[in-house]
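Novice: Take a look at the letters that make up each chain.
4 protein chains.
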Amino acid sequence: MRFGRPLQGWRLRLHTIIFEADTRAGRAFDLALIWVILASIVVVVLDSIVSVRAVIGDWLGALEWVFTLLFTVEYIARLLCVRHPLRYALSVYGLIDLIALLPTYLAVLVPGLHALIDVRVLRLLRIFRILKLGAYVAEFGALGRALAASRRKILVFLSFVMMVVLVMGTLMYVVEGAEHGFTSIPVGVYWAITTMTTVGFGDITPKTDLGRLIASVMMLMGWGTLAVPTGIVSAEFTAQKAPRETTTRVCHECLSEGHSADARFCRDCGAELPPYQSDPIGGG
Amino acid sequence: MRFGRPLQGWRLRLHTIIFEADTRAGRAFDLALIWVILASIVVVVLDSIVSVRAVIGDWLGALEWVFTLLFTVEYIARLLCVRHPLRYALSVYGLIDLIALLPTYLAVLVPGLHALIDVRVLRLLRIFRILKLGAYVAEFGALGRALAASRRKILVFLSFVMMVVLVMGTLMYVVEGAEHGFTSIPVGVYWAITTMTTVGFGDITPKTDLGRLIASVMMLMGWGTLAVPTGIVSAEFTAQKAPRETTTRVCHECLSEGHSADARFCRDCGAELPPYQSDPIGGG
Amino acid sequence: MRFGRPLQGWRLRLHTIIFEADTRAGRAFDLALIWVILASIVVVVLDSIVSVRAVIGDWLGALEWVFTLLFTVEYIARLLCVRHPLRYALSVYGLIDLIALLPTYLAVLVPGLHALIDVRVLRLLRIFRILKLGAYVAEFGALGRALAASRRKILVFLSFVMMVVLVMGTLMYVVEGAEHGFTSIPVGVYWAITTMTTVGFGDITPKTDLGRLIASVMMLMGWGTLAVPTGIVSAEFTAQKAPRETTTRVCHECLSEGHSADARFCRDCGAELPPYQSDPIGGG
Amino acid sequence: MRFGRPLQGWRLRLHTIIFEADTRAGRAFDLALIWVILASIVVVVLDSIVSVRAVIGDWLGALEWVFTLLFTVEYIARLLCVRHPLRYALSVYGLIDLIALLPTYLAVLVPGLHALIDVRVLRLLRIFRILKLGAYVAEFGALGRALAASRRKILVFLSFVMMVVLVMGTLMYVVEGAEHGFTSIPVGVYWAITTMTTVGFGDITPKTDLGRLIASVMMLMGWGTLAVPTGIVSAEFTAQKAPRETTTRVCHECLSEGHSADARFCRDCGAELPPYQSDPIGGG
Numbered sequence: 001m002r003f004g005r006p007l008q009g010w011r012l013r014l015h016t017i018i019f020e021a022d023t024r025a026g027r028a029f030d031l032a033l034i035w036v037i038l039a040s041i042v043v044v045v046l047d048s049i050v051s052v053r054a055v056i057g058d059w060l061g062a063l064e065w066v067f068t069l070l071f072t073v074e075y076i077a078r079l080l081c082v083r084h085p086l087r088y089a090l091s092v093y094g095l096i097d098l099i100a101l102l103p104t105y106l107a108v109l110v111p112g113l114h115a116l117i118d119v120r121v122l123r124l125l126r127i128f129r130i131l132k133l134g135a136y137v138a139e140f141g142a143l144g145r146a147l148a149a150s151r152r153k154i155l156v157f158l159s160f161v162m163m164v165v166l167v168m169g170t171l172m173y174v175v176e177g178a179e180h181g182f183t184s185i186p187v188g189v190y191w192a193i194t195t196m197t198t199v200g201f202g203d204i205t206p207k208t209d210l211g212r213l214i215a216s217v218m219m220l221m222g223w224g225t226l227a228v229p230t231g232i233v234s235a236e237f238t239a240q241k242a243p244r245e246t247t248t249r250v251c252h253e254c255l256s257e258g259h260s261a262d263a264r265f266c267r268d269c270g271a272e273l274p275p276y277q278s279d280p281i282g283g284g
Numbered sequence: 001m002r003f004g005r006p007l008q009g010w011r012l013r014l015h016t017i018i019f020e021a022d023t024r025a026g027r028a029f030d031l032a033l034i035w036v037i038l039a040s041i042v043v044v045v046l047d048s049i050v051s052v053r054a055v056i057g058d059w060l061g062a063l064e065w066v067f068t069l070l071f072t073v074e075y076i077a078r079l080l081c082v083r084h085p086l087r088y089a090l091s092v093y094g095l096i097d098l099i100a101l102l103p104t105y106l107a108v109l110v111p112g113l114h115a116l117i118d119v120r121v122l123r124l125l126r127i128f129r130i131l132k133l134g135a136y137v138a139e140f141g142a143l144g145r146a147l148a149a150s151r152r153k154i155l156v157f158l159s160f161v162m163m164v165v166l167v168m169g170t171l172m173y174v175v176e177g178a179e180h181g182f183t184s185i186p187v188g189v190y191w192a193i194t195t196m197t198t199v200g201f202g203d204i205t206p207k208t209d210l211g212r213l214i215a216s217v218m219m220l221m222g223w224g225t226l227a228v229p230t231g232i233v234s235a236e237f238t239a240q241k242a243p244r245e246t247t248t249r250v251c252h253e254c255l256s257e258g259h260s261a262d263a264r265f266c267r268d269c270g271a272e273l274p275p276y277q278s279d280p281i282g283g284g
Numbered sequence: 001m002r003f004g005r006p007l008q009g010w011r012l013r014l015h016t017i018i019f020e021a022d023t024r025a026g027r028a029f030d031l032a033l034i035w036v037i038l039a040s041i042v043v044v045v046l047d048s049i050v051s052v053r054a055v056i057g058d059w060l061g062a063l064e065w066v067f068t069l070l071f072t073v074e075y076i077a078r079l080l081c082v083r084h085p086l087r088y089a090l091s092v093y094g095l096i097d098l099i100a101l102l103p104t105y106l107a108v109l110v111p112g113l114h115a116l117i118d119v120r121v122l123r124l125l126r127i128f129r130i131l132k133l134g135a136y137v138a139e140f141g142a143l144g145r146a147l148a149a150s151r152r153k154i155l156v157f158l159s160f161v162m163m164v165v166l167v168m169g170t171l172m173y174v175v176e177g178a179e180h181g182f183t184s185i186p187v188g189v190y191w192a193i194t195t196m197t198t199v200g201f202g203d204i205t206p207k208t209d210l211g212r213l214i215a216s217v218m219m220l221m222g223w224g225t226l227a228v229p230t231g232i233v234s235a236e237f238t239a240q241k242a243p244r245e246t247t248t249r250v251c252h253e254c255l256s257e258g259h260s261a262d263a264r265f266c267r268d269c270g271a272e273l274p275p276y277q278s279d280p281i282g283g284g
Numbered sequence: 001m002r003f004g005r006p007l008q009g010w011r012l013r014l015h016t017i018i019f020e021a022d023t024r025a026g027r028a029f030d031l032a033l034i035w036v037i038l039a040s041i042v043v044v045v046l047d048s049i050v051s052v053r054a055v056i057g058d059w060l061g062a063l064e065w066v067f068t069l070l071f072t073v074e075y076i077a078r079l080l081c082v083r084h085p086l087r088y089a090l091s092v093y094g095l096i097d098l099i100a101l102l103p104t105y106l107a108v109l110v111p112g113l114h115a116l117i118d119v120r121v122l123r124l125l126r127i128f129r130i131l132k133l134g135a136y137v138a139e140f141g142a143l144g145r146a147l148a149a150s151r152r153k154i155l156v157f158l159s160f161v162m163m164v165v166l167v168m169g170t171l172m173y174v175v176e177g178a179e180h181g182f183t184s185i186p187v188g189v190y191w192a193i194t195t196m197t198t199v200g201f202g203d204i205t206p207k208t209d210l211g212r213l214i215a216s217v218m219m220l221m222g223w224g225t226l227a228v229p230t231g232i233v234s235a236e237f238t239a240q241k242a243p244r245e246t247t248t249r250v251c252h253e254c255l256s257e258g259h260s261a262d263a264r265f266c267r268d269c270g271a272e273l274p275p276y277q278s279d280p281i282g283g284g
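Protein chains in written order, with the working numbering: chain A, 1 to 284; chain X, 1 to 284; chain P, 1 to 284; chain L, 1 to 284.
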């Protein structure tokens, strides 16, 4: 079927319902789809809990088939009502839709699949359905663009952090050694990341005095990266709130405002300013 | 009794004392109530410590009865002096007052209650009294309104975080598996939340190399969500601080420095300043 | 001795050396005192390490006597050269000075002291000497004043946090119970604080599903208290950086600047503005 | 060889390639060097993993020799094409280059080196190569300058934190004692740092009620140092956002809204605006 032509008739109506949210049908579709996505996620999550699966496993399996059928219908409908189906199928959301359908069909088409791929992987593929919700929250687009705009700053920051944790992690690997849990440089780097990000699992901890000293330095660096700028910024804020430079002094000659508390002459006309009476500046 | 009519006489006076803090009696009531609330909380807390209860358990029980009586009198007084008692009884604070009274009365009215409801639940209901204090701190109202105003932003942020921890948690569940503690997707999500919020209990930790790699990515994401904006904001602040107002302009007459970029006359001697040539300000 | 009279002669010179830092002798005194304080702290710290004390314990004891003598001389000198010795002795720094001297003298005057007070308490009293350094860092005064100015905000914030951890801690005490470590309400509150502040020791952790769910909510609250405002603030910053309202447009009549990009008339004189040519706004 | 003279001929060309990035050869060199540095780091990291070394240890050793030769050639080239080789050799990057070469050559020149220095130390010296990357990221220079500019503030902040953790750490050492893990003051300080920076390893935790109370205070202090300024700053932001520039002023002629508080003429039609009456802006 050729789809390159502009959308008409039932295809146009289908497109309006599925891809746009201006009409009542469009909004109803969006709402229904969101609920189906959330429900299918709940089913996958419940299915992973052994005790729950033991009781209602069959029902969950049946629901999973229902959801798969619904998503299949939705996927085919999307492909039918866009001008270039292949472009949609290869877009991010198109691939997510496909991944969401794969597990159940694969399990049918490839009988011995459970022996090849861990059923947990299939659950992971189903969980990706949650990403379909991204299309429905406008702010995610803004968030994505903001991140893209700052990507240089983020990359520089990340590379700096990676350099620090690599050197510090290796240092701890040298100082503590395998007998204290630091069996290789990657393990040291893993520990350094848990420490610098202040997560601090505690599965690996320094035991030697020198190690604990290095750890203390790292902790102060990681926490200080947050605390120092925050403190500086709020100090600036407090300082700005109590203006020390400009005041409400008015020049009697040219009536300009905002002269320094210690200025004697008007900066706009050169006339002498009346003496400054300090007024109480609200603190806080 | 009909209470719909405007408050008069003793009811009006009671209302002024209880609900308003303009008069001396009103403020005295508020202060006394705050102390009683705090004291009753202390009693509930002490009662939960087994070693303390063994020594002074009877005294705590007696004090609990005193507090319950005081709160009952207060509750009835409030109902008596408002225009629409039912509206108050169903308001947030009215329900909190009722919940605060329930445990002791239930224990009396339903003899076998301790067999039905864990005594710990009764302690929890008594602890809710602390919420009565909310009415006495003006800023809590402002805080509530600020949260309500930002609720869209908060919801978007939360849903983004939930999507990330769901996908990452399931990923760890797949990679690590039940033998390392990740027994189901909810457990993986719980771990992902402890990691992304940098809490890092350590009750569940990744043991495989791939798991630790994914964990490192999550830790950097969670910590970076705080560190990157903080760094960007304070970098902007430092750049702004490079003052745009005062410059290195020097007055040729009196040689004083630091005049505004737009000043035409010296503020110290009144002489005319040479025109301002903008010089490149070194960036931060 | 009467000291109320104005300082003269040797007392004035002593006062200048000890309490002021304008003269060379004054600065030398300050520097020497700072080093002595730091050295005495190091001695106390080393003395607490069992392995170190076993080797050089006698030397540390001798050094401790030297420091005590130096601090005694300094204390007496301070009392001698102020106008009101009693006022100094009762001031914060006067009391710190006295506390710093007590341990060694008490141990001499009260032979059986080690049986009454743990030697660790004596170490703690000596450690308080570090607070004497507070007088030498000007910013500490500014920090103290800033904290005092914000104390209302801090108290409101703290009381809100205390209310949350009390209710949540009791909730976990009810849900998890003593068999999972939550033996009383104070223990639940302690756990709630470790979770909300994202410290996450891991000595007590929720084991039940409901407990882990409540824990997840608390972790998101605690971390979100930092993440949400930070995100909002940096979003505002990014928005402000790309100014949408004011531009560098100049009115040809009155030469005022800063009119909106979409304004057609000058807001200061009413004349018609030339059309706006968009200039490239540097991106973030 | 005398190198003090200005660079000419092949030395100038070499300098352009190595130290500058304007030419194609210069950029190609930079890119190649960055990849070689990263590859050598990967080799060192892999070499530290016992299981990996067992399989490809010989290959890693050979690759290490290749990298050492490449870095030697680069080092000599750098020395050859600068005007003052000694100055470069003693600069930060010169020393890093030398340290990066040492391990392999030392292992050759000093046969029994592995008995004297732990092979892990040699790995650490090789890991320092990552610091060579610092020269290629322009922002690192800016970051360094920003840190240098704020160093007074950072030092004051750090000394304040050190004072707090010293006193609090010693307090916990006194309260908990060696039987609960707090064996000396340094251990107490290490614990205090893990708590105040909210890392919370959990290798040492308070067991007594008083200890847990002190721990709670410390956790609130550490977390509050981040939370309180963040909250204050975002509260200010929200207040500022209630725009002070545009108001609800309405032009009587054309009924357009949103004119500046200080505007005298309507920016859309040029008519004179009625004087501005300040209305109370609801606080946040």
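FYI, nobody ran anything at the bench for these hints, they're computed from the structure.
Warning: the hint list may mix true and false statements.
Intra- or inter-copy, both count: the list cannot distinguish identical chains.
What the hints assert, rightly or not - For lysine to any residue, the following SDA-like pairs were computed, each having C-alpha atoms within a straight-line distance of at most 20 Å:
hint : residue 1 : residue 2
1    : LYS132    : PHE160
2    : LYS132    : VAL92
3    : LYS153    : GLY224
4    : LYS153    : ALA77
5    : LYS132    : VAL167
6    : LYS132    : LEU220
7    : LYS132    : LEU143
8    : LYS153    : LEU143
9    : LYS207    : SER51
10   : LYS153    : THR72
Novice: For every hint, state whether the structure bears it out.
Specialist: A quick look at each hint next to the structure:
When the C-alpha separation of LYS132 and PHE160 is checked against a cutoff of 20 Å, the pair qualifies only between copies, where the shortest distance is 12 Å, while the shortest distance within a copy is 34 Å. Proximity of LYS132 to VAL92 under the C-alpha cut-off of 20 Å is restricted to the intra-copy arrangement: shortest distance 9 Å within a copy versus 38 Å between copies. With identical chains, the CA atoms of LYS153 and GLY224 are at most 20 Å apart both within one copy (19 Å) and between copies (12 Å). Taking the shortest Cα distances, LYS153 and ALA77 never come within 20 Å of each other, neither inside one copy (41 Å) nor across copies (33 Å).
For a Cα distance limit of 20 Å, the shortest separation of LYS132 from VAL167 across copies, 12 Å, qualifies, whereas the shortest one inside one copy, 40 Å, does not. Taking the shortest alpha-carbon separations for LYS132 and LEU220, neither the intra-copy value of 40 Å nor the inter-copy value of 23 Å comes in at or below 20 Å. In the homo-oligomer, the alpha carbons of LYS132 and LEU143 lie at most 20 Å apart inside one protomer (16 Å), although the nearest pairing across protomers, at 34 Å, exceeds that limit. For a Cα distance limit of 20 Å, the shortest separation of LYS153 from LEU143 qualifies both inside one copy, at 15 Å, and across copies, at 11 Å.
With identical chains, the CA atoms of LYS207 and SER51 are at most 20 Å apart between copies only, with a shortest distance of 15 Å across copies and 40 Å within one. Neither within a single protomer nor between protomers do LYS153 and THR72 lie at most 20 Å apart by alpha-carbon distance, with minima of 41 Å and 33 Å respectively.
Going through the hint list in order, the structure does not satisfy hints 4, 6, 10.
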